[in-house]
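Q: Order-wise, the sequence lines are chains A and B.
Be aware that the first sequence starts at 1, since it is given in our numbering, and climbs by one per residue.
Be aware that the second sequence starts at 1, since it is given in our numbering, and climbs by one per residue.
The set of hints was computed from the structure by calculation and includes no laboratory data.
Please note that a few of the clues may not be correct.
Which copy is meant is left open, so a pair is good if it fits within one copy or across any two.
[What the hints assert, rightly or not] Calculated pairs, BS3-like style, for lysine-lysine (alpha carbon to alpha carbon, straight line, at most 27 Å):
no., residue 1, residue 2
1, 392, 289
2, 5, 149
3, 425, 289
4, 339, 149
5, 5, 270
6, 67, 193
If you want the building blocks of each chain, they are given just below.
2 protein chains.
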Amino acid sequence: MAFNKRIKIKALLEDDHLGQSVTVMGWVRTKRSNKNVSFIAINDGSTIKNFQVVADPNQISEDILKKASTGACLKVQGQIVASQGSGQSSELVAQNIEILGEADPDTYPLQPKKHSLEFLREIAHLRIRTNTFGAVFRVRHALAFAVHKYFNDKGFFYIHTPIITASDAEGAGETFKVTTLDLKNPPKTEDGKIDFKADFFERETNLTVSGQLEGELAAMGLGEIYTFGPTFRAENSNTARHLAEFWMIEPEMAFYDAEDNQNLAEEFLKYVISYALENCKDDLDFLDKRAAEEEVSKPADQRNELGLLDRLKFVAENEFQRLTYTEAIEILKNSNQNKKKKFQYLVEKWGVDLQSEHERYLVEKHFKKPVILTDYPKEIKAFYMRQNEDGKTVAAMDILFPGIGEIVGGSQREERLELLVNRMKEMHIPTEEMWWYLDTRRFGATPHAGFGLGFERLVQFVTGMGNIRDVIAFPRTPGHAEF
Amino acid sequence: MAFNKRIKIKALLEDDHLGQSVTVMGWVRTKRSNKNVSFIAINDGSTIKNFQVVADPNQISEDILKKASTGACLKVQGQIVASQGSGQSSELVAQNIEILGEADPDTYPLQPKKHSLEFLREIAHLRIRTNTFGAVFRVRHALAFAVHKYFNDKGFFYIHTPIITASDAEGAGETFKVTTLDLKNPPKTEDGKIDFKADFFERETNLTVSGQLEGELAAMGLGEIYTFGPTFRAENSNTARHLAEFWMIEPEMAFYDAEDNQNLAEEFLKYVISYALENCKDDLDFLDKRAAEEEVSKPADQRNELGLLDRLKFVAENEFQRLTYTEAIEILKNSNQNKKKKFQYLVEKWGVDLQSEHERYLVEKHFKKPVILTDYPKEIKAFYMRQNEDGKTVAAMDILFPGIGEIVGGSQREERLELLVNRMKEMHIPTEEMWWYLDTRRFGATPHAGFGLGFERLVQFVTGMGNIRDVIAFPRTPGHAEF
């Protein structure tokens, strides 16, 4: 017999249900009682808003009302009436309340008071039940859906690139090994090396750092594709910006050059942010207030000039600033920050990699808007980026966002076989192992481009959460693989 | 300067472009030439259909026409005119052809002839350029998008559950180890064991076999959630039905019982299949013909009674047959197959696990439609399934599809703490390590349910591909991790 005969609170709030008999199920957020009446605010996860249940102690037993404490799960049958109080236009007068599951106030960790984000990270299995994390994960969902909708509507095809891979030629970072060998007693070859022929895949394998190379293969058949999957870095980075496991979106497009790539990335970012603004109003209003409260505790010079919602609208509505690395170096060299030696890393000559402080200066102080930096020195970029005619730079782009820094990295890819092979040799990347990648340049090559977006960085930007561990349900970082 | 000033072939075919000057880019599929004219069929991946380019040797140089061989990539500028021939209503008269990338006929492996699927698997980086695999991956994309759209429209939230996990308590299968330890010389503890405290996560970790348990945590806050991510099995199964790395969809819903779960799964499957029928007409027409040709080579008793499209329509339009395991055992025991000992595993008594041959008998011979089998013996199902009042069975469901067998497995979850803990102890599952999972039963528990769908099995069913390695771009199986 079907149990799920309920109306979601989101639906209750969207339309007029006055006078209707309904069943609502959800978890108690707060309860206020006096001897005449109990007001129970319940939440079912469909929206950040609670719905108020009014319980008359003559109708609902004392035992039930006692058990309806914070965190308990209730099934409430009753009638929707106009609300007496302020804040909400209607409320539910309970005819019957069933306790689906109790939450002992002495042991339930999420009592109605302010908890630190650090504490909530330790109970990540329960933090999803709070206002903040409910909002974050609903926004995360909306952004993920917007990603799929954007690309689907444009005729891109979603490709699932491999997670386990034998290709580590990219040099994008330290990798996790994947094996079924007995670690205590691995089989060895005659010369004492690990015998990977005996491993599951009969070779050394690791977790992918990027789906780009496989994405390129697919784009050479399907035209325009994107990936959206987990990627991994085994770097011992204990920062608020790094995860060992995170989700990446990587579109790859045949027939795109560097400018087409920039146009796509800008349009895409504006689309997904606008989508969140349109579809997550209640959650973003809450997160906007939350961010404003957080600001107060920051040193004055680190505060955002704009509030969260204003930042999102600003990005959605304004053109990104496009300039070359070479132009950016000139701006940085001549900046007061540099002249007064306020940068930790002074910008002295063309060719240096930009630090986070430089990126933030360009975005937050100089241009005061998102920046697309292009045409970096080839020495500081990956082998597959297309070489420009100057012989010094490649057709790379990084997109820099306020507060986040680099949110997108991409490039036109080097489609010319000879130039690509030469660059790989210069960078000591084994061309034999990459025969399949080079085949895309041997057969039916075409100008093509793509970029990668770290999904958690995007969720951070849109939700205003300061620590990347607070925008993924169960974060993986050095020493942490709980839940 | 933006390069991507082209019109996609899909768009060219959808509307009337007669008389327009356009640029088309794509790869040559076939070329027919005589001394007066060349007909070049090009494909850009946007659709399975090629577009015919007509090239006059007085206009296009001999060298260019020679290089426009199968697999070469072209940029063609010209005018759309009414087609002289049959098959297509319009064609492109070339004013200019640029060879973006050649494909030497002596070395390009994909010449226009029939290639075996086995051969194409060895060149998986190129097979995406064939009609069959183009169709498969476009349908795969459409199905993935339909999954997201279905759940989004119903108010479910997409959760990214962890890929790397320390929890292996589920017993769903053999796992891959994930480590950064030096395999040749791993650190050891005083008693000679591997010192996992020195590993990246300071504990033993592996690749997830399912996101279900974490999905349940999220459902207890957000109400209705789903996962769609990679899962892994380190089983040495070299069959046409098994992958070491595959994608799973796992919805988990608070306030759902077993029947709600069945209703959702049936509605969901019908939705995504209908979506493919509506949105992938050309690709499915092609795959339908392809499947019909394959049928001819099968032994008569293994042939499908219905063609691919008819199977899809049948599933989308008919109610699934629901029955209990106990009822199924009676049917199987009394079947002619069983009496005549034609089953490899004879069905003799209640309690045995069903084999693939039994599932297929029920679906393909007895009911001739998808079957939802429910209420299995608890001994053959996982610890988290809700125990029925008979003390013998659990509120499990498996959905069986023709040709595929089990496509969905799910259950109402055991929400009663004491019963769950007892079952875990009976099955030797460590309850201490699972404190976080048990917390969902300690605090605000509610009836809830969920299921898992192997995405590749769904893609197989919809595309009619016989081998699961042919519905994922770069399959991972024992001994295989290429590309």
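Q: Determine for every hint whether it applies to the structure shown.
A: Outcome of the hint check:
Proximity of residue 392 and residue 289 under a CA criterion of 27 Å is satisfied in neither setting, with 47 Å inside one chain copy and 53 Å between copies. Taking the closest pair of Cα atoms, residue 5 and residue 149 come within 27 Å of each other only across two copies (23 Å); inside a single copy the shortest separation is 30 Å, beyond that limit. For the homomeric pair residue 425 and residue 289, neither the shortest alpha-carbon distance inside one copy (53 Å) nor that between copies (47 Å) is at most 27 Å. In the homo-oligomer, the alpha carbons of residue 339 and residue 149 never lie at most 27 Å apart, since the shortest distance is 47 Å inside one protomer and 53 Å across protomers.
Taking identical chains as interchangeable, the C-alpha atoms of residue 5 and residue 270 lie at most 27 Å apart only when they sit on different chains, with a minimum of 22 Å there against 39 Å within one chain. Taking the shortest Cα distances, residue 67 and residue 193 never come within 27 Å of each other, neither inside one copy (63 Å) nor across copies (48 Å).
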